[in-house]
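Protein sequence lines, in the order shown, are assigned to chains A, B and C.
Here the numbering used here is used: the first residue of the first sequence is 85, the next is one more, and so on.
Here the numbering used here is used: the first residue of the second sequence is 37, the next is one more, and so on.
Here the numbering used here is used: the first residue of the third sequence is 53, the next is one more, and so on.
Treat the hints as calculated values from the structure; they're not laboratory data.
Note that beta-carbon positions come from the ideal geometry of N, C-alpha and C, so glycine has one too.
Some hints could be false.
Below 25 Å or equal to it, Euclidean Cα-Cα: the simulated SDA-like pairs (lysine to any residue) are [as the list claims (entries may be wrong)]: (1) A/K124 with C/L142; (2) A/K287 with A/L213; (3) A/K124 with C/T117; (4) A/K287 with A/T214; (5) A/K124 with C/Q150; (6) A/K124 with B/G46.
Cβ-to-Cβ under 8 Å is the rule here; a few derived chain A residues that face chain C [what the hints assert, rightly or not]: (7) L106; (8) P215; (9) E319.
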Amino acid sequence: MSRGVRSGLFLVSAAGLTALLLWAVAGLPDFGHYRGPYGKVLNSVAVGERHTTNVVAAVVFDYRGVDTMGEEFILFASVMGVALLLRNPHRERRQVPARIQSDAVRLAGIGFAAGLLVLGLYVVAHGYLTPGGGFQGGVVLASAFVLVYLAGDYHAYRSLSPTPAIDVVGATGAGGYTVVGIVSLLLGSAFLHNFGPLGTTGKLASGGSIPFLNVASALEVSAAFVLLFSEFLDELVVRPEARSQ
Amino acid sequence: MIPLQAAIIGLVAAGALAVVVTRDLVRLTMASSLYALLLVVLFLVFQAPDVALSELVVGAVGFPLVIVVAVVLERGR
Amino acid sequence: MSYLPYALAVWIFAVGLYGVVRSRNLIHLVVCLTVAQSSTYVLLLSIGYVNRGTAPIFADVPKGTRAVDPVVQALTLTDVVVSVTVAALLLALAIQAQRHADTTDPDELAEMHG
Numbered sequence: 085m086s087r088g089v090r091s092g093l094f095l096v097s098a099a100g101l102t103a104l105l106l107w108a109v110a111g112l113p114d115f116g117h118y119r120g121p122y123g124k125v126l127n128s129v130a131v132g133e134r135h136t137t138n139v140v141a142a143v144v145f146d147y148r149g150v151d152t153m154g155e156e157f158i159l160f161a162s163v164m165g166v167a168l169l170l171r172n173p174h175r176e177r178r179q180v181p182a183r184i185q186s187d188a189v190r191l192a193g194i195g196f197a198a199g200l201l202v203l204g205l206y207v208v209a210h211g212y213l214t215p216g217g218g219f220q221g222g223v224v225l226a227s228a229f230v231l232v233y234l235a236g237d238y239h240a241y242r243s244l245s246p247t248p249a250i251d252v253v254g255a256t257g258a259g260g261y262t263v264v265g266i267v268s269l270l271l272g273s274a275f276l277h278n279f280g281p282l283g284t285t286g287k288l289a290s291g292g293s294i295p296f297l298n299v300a301s302a303l304e305v306s307a308a309f310v311l312l313f314s315e316f317l318d319e320l321v322v323r324p325e326a327r328s329q
Numbered sequence: 037m038i039p040l041q042a043a044i045i046g047l048v049a050a051g052a053l054a055v056v057v058t059r060d061l062v063r064l065t066m067a068s069s070l071y072a073l074l075l076v077v078l079f080l081v082f083q084a085p086d087v088a089l090s091e092l093v094v095g096a097v098g099f100p101l102v103i104v105v106a107v108v109l110e111r112g113r
Numbered sequence: 053m054s055y056l057p058y059a060l061a062v063w064i065f066a067v068g069l070y071g072v073v074r075s076r077n078l079i080h081l082v083v084c085l086t087v088a089q090s091s092t093y094v095l096l097l098s099i100g101y102v103n104r105g106t107a108p109i110f111a112d113v114p115k116g117t118r119a120v121d122p123v124v125q126a127l128t129l130t131d132v133v134v135s136v137t138v139a140a141l142l143l144a145l146a147i148q149a150q151r152h153a154d155t156t157d158p159d160e161l162a163e164m165h166g
């Protein structure tokens, strides 16, 4: 099927699909007139039941904790897939890219990397009080590591993030999430049901098991992203054997 | 719907079209980062700060880095 | 006017699909796929919006204030972070295709050898 025929066929069927989708969304309630009960119920009870002020974090890590576990394992599996595809044992070392010569870039980079690390830890820690959480903070932490590569040189980045250590941290995060769920099973309630003292609303010591799940997902997301960047950056530095596989 | 929301919706629609139409890969990286930024503003205007924070860190750091490395690798061979 | 955000989601989806079909480069294809995926975020968030509602975070507003739906935000925020990892997997596949077949044009990659 030639390109022109394919484009023509696509335009015709896309017109039909768009018409069908527009007719479908016209049946939704008006924008702003949210009808469903779950949002309103959760907004009124979540702060009292779980003592966290961020209701979205309570939904992510408590009311819909199983969905988050599934998403974490999707992340884990796709990073494992990238590692499988790009990690090649037979490699010749090519010349490592030269380190950045400009002192201003290096200084600014190190300053910002330290700041990003603190910011990432803050976003993770206060995830259930203000906007934030394990997912957002985990990516910020990973970007602090990448900034070391961008503003410094490859060896500094590699010595900060050795692959075995990152693997262990990522596995601890993914496994830790499941272990918290199993602890809840052992305590007699459902999998991933909230347990532990609820603490005072608005302080860091609140939410029962939500802080543990928060930290576990932050560990997993940050390790997964650092691993992802390492696999991709390795491709730039090391050249695989030509065409033998 | 307040006028700010209508304006951002128009910008996001234009941004999506701009990303799809761009062919040059370096410009595509820039265009996709700008589209992510427009989405961040849209999510903020829809009163979703957590989602906006996720999209911000992913669209500014995660996604462009992965694309840039892929582009460099594709060119280098 | 009240269906504008839903129409935006349909528009973004159609535009992303158009980019996927007409793409001449695997990397451009992955980016257009990400654009098509962002239409689902827009649709989810606009379903949960409440007129004159605020964000569902009660750190500094009293508990009874009208707020938007937190469930759709929870679904969307994990999705955003995970989708970039899946896009990275697709880009790794594109890199492998470039290595073995020496091209990133989807039209030339159509046949399977071996």
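Practice task
Could you check the structure against the hints above and give me the numbers of any it violates, in ascending order?
Solution key: 1, 5 and 6
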